[in-house]
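Q: Residues per chain, in single letters:
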Amino acid sequence: MKIYVTFDFNITRNAILVEQLEKLGVQYSINNGAREIHFSEKLTEEDELALAASLKKYGIKIIDDQKTELVQRIKDTITAMLKDDEAYLYKVSAYLATKLDYSYAYLSNLFSENTYTSIENFVILKKVDYVKELITTTDLTLTEIAYRLNYSSVAHLSGQFKKVTGLTPSAFLKIIEKRKTVDSNNL
Amino acid sequence: MTINNLNVLLADDDEDDRWLFEQALSDIKIKSNLSLYKNGKELMDYLKNMTRKPHLIFLDLNMPVKNGMECLKEIRQDDNLKDIPIAIYSTSSSEKDIENTFINGANIYINKPNNFAALKKVVEKVLQLNWQYQTSNLNKENFLFRI
Amino acid sequence: MDLRRIVSSTKSYKIALAIAIAFLLMLSSISYRQVNNLEKSANLVSSSLMVSKEINYLFSKFNLIEASGYKSLVVNDSTFANTYKDHKSEVETSLLNLSKLTKDIPLQVQFLDTLNQLRDSLDMTFKNLIKYRDQQEGDVDEKLMREVKKMDSIFQQLNNLKLSISQRKETLFKELIIAYKTETFFTPFISLLLVIFSLIVFLLAFRNINNAHKRLKSTQAFIDNIVTNTNYLTTYFKPIRDSNGKVIDFIFEYVSNKIENFTGKSVKEITGKKLSESFPDTFTNGTFEMYVNCLETGNSNDITNHYSFENGEKWLKSAASELEGGVNVNTIDITYEKLRNKNLKKLNENLFIKNTILNNAEVVAKTGSFSWYPHTNVSDLSDNFYRLLGCRPGEFEARFENFKPFIHQDDLANYKKAAAKVIKSGQLKENTYRVINKKGNTRHWRIAGVMIIEDGEEKMIGIIQDITESIKKDKQLKSRNRVLKRINTELESFNRIVSHDLQEPLRKIQMFISLLSEEAEADRLSGKSLVYFGKINDAATRMQMLIKNLLSYSRIESTEENFEEIDLNEILEEIEYNFSESIKDANIDIIKKKLPTIKGINFQMVQLFSNLISNSIKYRNIHNDSKILIEAFKVSKNQIKANFVKTSENYHKIVFSDNGIGFNQQNAEKIFNIFERLHLKTEYSGTGIGLSICKKIIENHHGFIHAKGEPEKGAIFYIYLPV
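Residue numbers (our numbering), protein chains in the order written: chain W, 62 to 248; chain E, 32 to 178; chain R, 3 to 725.
I should point out that these hints are in silico values taken from the structure, not numbers from a laboratory. All values reported here derive from a predicted model rather than from experimental measurement. Backbone N, C-alpha and C fix where the C-beta goes; we use that ideal spot for every residue, glycine too. A few of these clues could be false.
Here's a subset of chain W near chain E, in silico, CB distances under 10 Å, partners left out [stated by the list, open to error]:
#1 F70
#2 D137
#3 L186
#4 V189
#5 K193
#6 E194
#7 I196
#8 G227
#9 A232
Please construct the entire structure, taking both the sequences and the accompanying hints into account.
A: So, in structure tokens, the structure goes:
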């Protein structure tokens, strides 16, 4: 037997953070979209190392570099933007600038320097990733997905999808579905 | 953790292609360490005894001794290796080949380009994509690109 | 019911009735006579009684006279004379009465005469007595005495007379009574007897007539019922004769209600009409003559004729017989039988033809047929069955024992097993076995049969076919198939070689040329070299395109299992997006109507429309605003004029038209041929495979593509895909 799961990253992340932070027995607060954790007192070195080790197991890293942190925040903001129903009212640049309180030129530069790609490219990649998610885990039709993600048409969606992934949405879905049968045959 | 140097593996029986690939990789911004293998068996032998997990494997399909498809299947069935992203790097543009590699777990399918600039572009794009999938919150299940 | 018996019995009662009436008449006359006689006798008696009474009265008067005479003599009564006078007048009256009463009776007349004489002598005596007494003479006494004596004798005589009369009367009376008695005795008896007899006769007659009537009534109902319900039309005709007594026409006296079914005319319309008026045809088709003949000779006869009535064409068969000076005709509609006979005849003819065809077919198809009754082991083999064995038809008796030697030794066991199975299951499955014909050649036979019930008896009918040739051909086909498979495999490996091994060096050439074109290297090359490398690169690119297209062409294979639902609208949008740049560059307006969803292979459909669109872009007319129109209709296969094998009832007709440079209609078929190009290589880029690929894709999808072109006006591609 097999089951398929989908999960909400934010909930998972918060749950893990709370679970691990509780272990320290120190008062804390999770702020800024789980980007920052404030402690009421300074942690001992052992505690800090233990926390870093336990969080690493879940792929959560403690970062000290402020720029890297900002890049991460840009990515998170983009992720949030895609799910924000009112985000379409803004341009990505304006949205990011407003949300992060930095000039877009600065953010864009910072992003390109650290990730080898532009914010625009990342947005597209992220968007397509979201489309992939919706295609594979929901019963939504392409038309509905295009509407939901503010594409002007299905063709536009399909075209962008094809351009980014080299595959049509239906070919992509077919492969994912066939993969499942191959996987279940291998198990 | 910041990935400063990507560990990239290429298995291709064609010496020229290996050389061209190496040239292309060295010309792009993203820093990487490339290991080259002449066929699938060499690659698999290395993977079974590896000390550092590669960030990305480029696989030619048509290889002697052990072909790319066999490697792909083996890697995907190995619990240690199955999460390594794999880019197929082949001359074949057969729809059947492409579909089959994807179904068997390939993440990227690259048709070997016929000019060097294109090769550089492709390699760079693949590394970028891989970088995003490694560092950003993207669904690796859906890591599927044809370039 | 025996009508004759009823009629004859009625007749006998009629006779009995007549006799009874005769008896009654006789009885009446006898009675009348006797009553007359009785009246006479009564009259006679009464008159005789009157006479007797009168005589008695007379004689009483005489007695009174006698008594008074004696009294006067004794008492000397002087009044005597007067008394006498009185009596005398009374006697006279009585005598007068008597004479009146007896004037018809001679005997009485004689008696009366005697009486008158006696009265006269008495009167004389009395006159003398009176005279003498008055004389008072001596001899008076004497005289008186004499006279008294005389008177005595007269009275004596009178008494004697009276006595004799009485006696006579008594005798006469007695006779009368006897006669009367005799008559009154016989008359009532006979009357009674006759009345009783008559009554019996009447009763019997009435009963019988009543019964007969009842029976007649039921018979009538029975006959009516028959007439109504029978399929026969019953008519009764009375002849119409001319002055010479020759029958010139008939009149419908009676016609049963079937007439309506037969002729469409109602009973009312027909009854009382002339035959010539109602059915003039009967005068020309021999019916009338037949009726006349029947009437004159009394012979029954029948005739069948065809009529056209208001309600249709009919074949009627009429049987006529003479009946009481008329003709009784019973007619039956035999249209159906006629038709059936006709059909039967036709069927027979067809059967004969079919049999002939079958016989020929058996020869041509190398088949034979057989029938076999499992219970009696009786078989029948067709002529060709024998021929297929190399025998003359009927050369051996159709029994298994005779057929058995022909069966191949190795197949005999199987044959028997199959036969046993047939008997058990009643079904014969197709089976093949070998026979060795008379010439000693092995032949392969296929047998198939079925169990049927014929007249309650099980029977197997079946056919055998000599399939030796087809088995030979099968073998050939199999070996050819093997060859074909090998060739296909070779082709596949050829494809693989082309796709990989041939592309590989070409790609390398291109790759290294591109390396040479990298800035650093290019700087070191002379201008000429760069031009040459450019040429090499162009050639290599072209070759690569050729190989790619060839590959696409050879990869289009029919694998229906991969067919999936494809929305062509989505396909078109995808392609439009893929081509968006060149569409923009070429400024082409693509108008898409609603397209159907078809069953097919996705990437082939993409390729099809990509090729068509790139074709249209490539061959656009640079002097015009380019347009591409794509529309689709659903059509039934009958509506498609294009000549191709249509496996589906309905097709999607997709019309793809542009206003490009078009082509000459005479090249309409050529453009789909591989490597066929209508233009100079330099003028338009292309490998000449694009449309061939389209054609192959369409054929792979069981469809059809053809094109219409007009130079400088445009091209139209018609695509038919099965619904």
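Q: Determine for every hint whether it applies to the structure shown.
A: Against the structure, the hints come out as follows:
| no. | hint | verdict |
| --- | --- | --- |
| 1 | F70 | holds (6 Å) |
| 2 | D137 | holds (8 Å) |
| 3 | L186 | holds (6 Å) |
| 4 | V189 | holds (9 Å) |
| 5 | K193 | holds (4 Å) |
| 6 | E194 | holds (6 Å) |
| 7 | I196 | holds (9 Å) |
| 8 | G227 | holds (3 Å) |
| 9 | A232 | holds (8 Å) |
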